[in-house]
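Residue numbers (this note's numbering), protein chains in the order written: chain A, 102 to 552; chain B, 102 to 552.
Copies of the same chain look alike in the list, so a pair counts if it works inside one copy or between any two.
Simulated pairs of lysine-lysine, DSS-like, Cα-Cα distance not exceeding 30 Å:
1. Lys419 <-> Lys430
2. Lys355 <-> Lys501
3. Lys319 <-> Lys224
4. Lys134 <-> Lys519
5. Lys318 <-> Lys333
6. Lys319 <-> Lys339
To be clear, the hints were calculated from the coordinates, so they are not data collected in a lab. Computed from a predicted structure; not experimentally measured.
Protein chains: 2
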Amino acid sequence: MNSKIKLALEKIVGTTNILTQDLNPFNTDWMNKYVGSSEIVLTPQTTDQVSQILRFCNENALKVVPQSGNTGLVGGSVPIKDEIIISMRKMNKIYEFDLNSAIITSDSGVILENLNNYLFQYKYQMPWDLGARGSCLLGGNISTNAGGLNVVKHGLLRNYVLGLEVVLPNGKILNLLNKNRKDNTGTDLKQLFIGSEGTLGIITKANVLCIPIPNEKKVFFLELKSFQDVIKVQGFIKQIRNEQLLAFEFMEGKILHKNKHRHSGNKLPFEFQEDKYYVLLEIAGQSLNVDQFSLDMMEFTEEIVMDQSEKEAQFLWKLREEIAESMGKMGYVLKYDVSIPPDKFEWLVNEIYPKREGPFHVYYGHVGDGNVHINIVFESLSELHKEEDKIEQKLFGLVKSQGGSISAEHGIGQHKRKYMELQKGRDVLGCLSEIKSLFDPNGIMNPNKLL
Amino acid sequence: MNSKIKLALEKIVGTTNILTQDLNPFNTDWMNKYVGSSEIVLTPQTTDQVSQILRFCNENALKVVPQSGNTGLVGGSVPIKDEIIISMRKMNKIYEFDLNSAIITSDSGVILENLNNYLFQYKYQMPWDLGARGSCLLGGNISTNAGGLNVVKHGLLRNYVLGLEVVLPNGKILNLLNKNRKDNTGTDLKQLFIGSEGTLGIITKANVLCIPIPNEKKVFFLELKSFQDVIKVQGFIKQIRNEQLLAFEFMEGKILHKNKHRHSGNKLPFEFQEDKYYVLLEIAGQSLNVDQFSLDMMEFTEEIVMDQSEKEAQFLWKLREEIAESMGKMGYVLKYDVSIPPDKFEWLVNEIYPKREGPFHVYYGHVGDGNVHINIVFESLSELHKEEDKIEQKLFGLVKSQGGSISAEHGIGQHKRKYMELQKGRDVLGCLSEIKSLFDPNGIMNPNKLL
Numbered sequence: 102m103n104s105k106i107k108l109a110l111e112k113i114v115g116t117t118n119i120l121t122q123d124l125n126p127f128n129t130d131w132m133n134k135y136v137g138s139s140e141i142v143l144t145p146q147t148t149d150q151v152s153q154i155l156r157f158c159n160e161n162a163l164k165v166v167p168q169s170g171n172t173g174l175v176g177g178s179v180p181i182k183d184e185i186i187i188s189m190r191k192m193n194k195i196y197e198f199d200l201n202s203a204i205i206t207s208d209s210g211v212i213l214e215n216l217n218n219y220l221f222q223y224k225y226q227m228p229w230d231l232g233a234r235g236s237c238l239l240g241g242n243i244s245t246n247a248g249g250l251n252v253v254k255h256g257l258l259r260n261y262v263l264g265l266e267v268v269l270p271n272g273k274i275l276n277l278l279n280k281n282r283k284d285n286t287g288t289d290l291k292q293l294f295i296g297s298e299g300t301l302g303i304i305t306k307a308n309v310l311c312i313p314i315p316n317e318k319k320v321f322f323l324e325l326k327s328f329q330d331v332i333k334v335q336g337f338i339k340q341i342r343n344e345q346l347l348a349f350e351f352m353e354g355k356i357l358h359k360n361k362h363r364h365s366g367n368k369l370p371f372e373f374q375e376d377k378y379y380v381l382l383e384i385a386g387q388s389l390n391v392d393q394f395s396l397d398m399m400e401f402t403e404e405i406v407m408d409q410s411e412k413e414a415q416f417l418w419k420l421r422e423e424i425a426e427s428m429g430k431m432g433y434v435l436k437y438d439v440s441i442p443p444d445k446f447e448w449l450v451n452e453i454y455p456k457r458e459g460p461f462h463v464y465y466g467h468v469g470d471g472n473v474h475i476n477i478v479f480e481s482l483s484e485l486h487k488e489e490d491k492i493e494q495k496l497f498g499l500v501k502s503q504g505g506s507i508s509a510e511h512g513i514g515q516h517k518r519k520y521m522e523l524q525k526g527r528d529v530l531g532c533l534s535e536i537k538s539l540f541d542p543n544g545i546m547n548p549n550k551l552l
Numbered sequence: 102m103n104s105k106i107k108l109a110l111e112k113i114v115g116t117t118n119i120l121t122q123d124l125n126p127f128n129t130d131w132m133n134k135y136v137g138s139s140e141i142v143l144t145p146q147t148t149d150q151v152s153q154i155l156r157f158c159n160e161n162a163l164k165v166v167p168q169s170g171n172t173g174l175v176g177g178s179v180p181i182k183d184e185i186i187i188s189m190r191k192m193n194k195i196y197e198f199d200l201n202s203a204i205i206t207s208d209s210g211v212i213l214e215n216l217n218n219y220l221f222q223y224k225y226q227m228p229w230d231l232g233a234r235g236s237c238l239l240g241g242n243i244s245t246n247a248g249g250l251n252v253v254k255h256g257l258l259r260n261y262v263l264g265l266e267v268v269l270p271n272g273k274i275l276n277l278l279n280k281n282r283k284d285n286t287g288t289d290l291k292q293l294f295i296g297s298e299g300t301l302g303i304i305t306k307a308n309v310l311c312i313p314i315p316n317e318k319k320v321f322f323l324e325l326k327s328f329q330d331v332i333k334v335q336g337f338i339k340q341i342r343n344e345q346l347l348a349f350e351f352m353e354g355k356i357l358h359k360n361k362h363r364h365s366g367n368k369l370p371f372e373f374q375e376d377k378y379y380v381l382l383e384i385a386g387q388s389l390n391v392d393q394f395s396l397d398m399m400e401f402t403e404e405i406v407m408d409q410s411e412k413e414a415q416f417l418w419k420l421r422e423e424i425a426e427s428m429g430k431m432g433y434v435l436k437y438d439v440s441i442p443p444d445k446f447e448w449l450v451n452e453i454y455p456k457r458e459g460p461f462h463v464y465y466g467h468v469g470d471g472n473v474h475i476n477i478v479f480e481s482l483s484e485l486h487k488e489e490d491k492i493e494q495k496l497f498g499l500v501k502s503q504g505g506s507i508s509a510e511h512g513i514g515q516h517k518r519k520y521m522e523l524q525k526g527r528d529v530l531g532c533l534s535e536i537k538s539l540f541d542p543n544g545i546m547n548p549n550k551l552l
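Chain A extracted, bound-state conformation (with noise of 0.2 Å):
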């Protein structure tokens, strides 16, 4: 790192906020997938420092990766190479909630789980959740449109952000906040900066419509015999009980089966078995009828679990988060969160392994909103290389054929950028070169993501 370039960044943002030295953490990302190699990581404090920087870095013609909680999967928040990192981390001022209008303001690198203690308060709460919440920032969320276990109800993070701040490549202040629920005055400038990844600008503070946390909730685990089943109670509950579900997660048996003995101071809900199918879901309102729900549900299959407490209630959504960890721990995963039409998740996976032969693979998730998770686990990382870009070719190639996406919540980064134009098409992509290059000519930000 040039000295002189040091100088004037520290002269900006102070010596207490620019490190120099273990930046390790900074620069390889929570799976150990993706590895960078930045000298320099800056902590601004302040907005003002924000732009400095990068009026400063866009001058200079240095390139800069904008870092959240560092949680995402797909490479796009660690350097390529040697990029300055600008950690977010030290912004995490919570301003207001406005009771009347539900509406949250923050600056962009306040934790998720902070957020929702504060909210707690006024029985509020954020409108996406996380299995990252604990280490996920606010900034981060809202530049990947993270998804997460509620979209089935509440939908996308995006239709939640009412107003940004955002500093663009030249170090302008773009004032986009808004408290108003209504604003319909012309082309929403923020929404270009929501799933973004950080390749047009770094979201500063934002205003987040919250919702009431609901008076009652109940989780539910039911056994079924085949993936059919799964997507008949969906579209059964969604007629029935479409406000009050909260979220519909799927998982095979046999992933369960493989994560039982790592519970042996609980009762798990069944004896799983490797060749079912499980699902958990949550409803959520003000009068439930549990039991009412509970017969319903006993249509579709003989074994059911209700949760008979908060701490049962947690246990049931730890045998599904937990799920990522364990696969982790198995071995070097391939990660995959693709939206196809529900009732072809099956015929996708059997595709790609027929007669489901093949390494060890899962497919688990969000089935609710569309969205599935496919894990394969290799032994080494030599292996998963070697296999990595056939899989996807062959992958992306059917979703697509089938009008899917081939990222439904974990977005782009580095892993998918060559998968775009399969994924958009040539006009589409040139669009959205277009944009970027109106807002960042230097191409400073984030280089070598998304686009």
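Chain B: place on chain A using the hints.
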């Protein structure tokens, strides 16, 4: 109209899709406030025709106005001068409704009510509803991000548009169609066209996420003593029945009192008092428990009326919906659709007309989502024109001072162009202009609207 141009356009759309006479309904908005002088209306029937029209117009620097139902309130869909009108009403095919995903695929020229009639067979409905439902078109709804009656529950129209097909000013057809609830593959280009009032391209097809028709619905009418009580009831319902609250509409007694002679055949819910405040609210869901709800409401009012039939519900809604029309019959009306924090509505009106003196004026509307309508009636158009600027400068200045929006749902059109800098600030406006130039370098699309 140059006959060579006419011939070329006729060659693209065919003789049955070009009109050069009796163009008054196309040149004038339904309020008779904005009047253009176009000499030609095209009614293309395919996306390819739209593409050829725009390519030809772009190459020959001919300005165009896209027009849907022409039900807007800000003069956005009528020409300023002699622009070519592209009426989308003949592109009215509904392609499919996928019951599994609840997504409809349709041409943009379908009437909103026709979409609902089609969806009825599946027990689904469109997620937004407007007074103009019988004549407004899907594409117009989307290109203006129309608001309407159910935003308090369902959120903005924008949230339900999953995919679009758009023709750019240069004739390029962008396929942004998408039938996945979750598609997180970077910058969401389609967002740019939603709410851009036809200044960036023409929407030809759309995928929209629909919602199930609720099992049970109930309309209530409340009489309240003060506007503060209106705010209190709203806060209370959001706490106890947030999920079920479909609409929360407020009306001043003085307009209901004035309209009462219109309903000689029907029983009014109340003897409307000029100094009282009235609320129409609708709840919808699975098990409404309406008796408990009525009891809860008694805490705020002694007077509450609940519909006893679908017909009565419709009549109660009529009392609210006819206000716009009845104001029009009283004289020449200035109409505003501002967003501000709900507890500031009364203050705002009092600031404009201290002691509520001056010309006849009322405020009413979607108080549940922070959007109030202020209507001011003048006896002549000349009087209206004399006052318009003065009122707007004051009103929009006050709205801005409270962090509000000068347009909650009607949009900008011709009407509010000159207040865009007040609303957005210079930097944001600069960005929007650059995006406009990127898509429409020759400025042919809906000129002198929005920006």
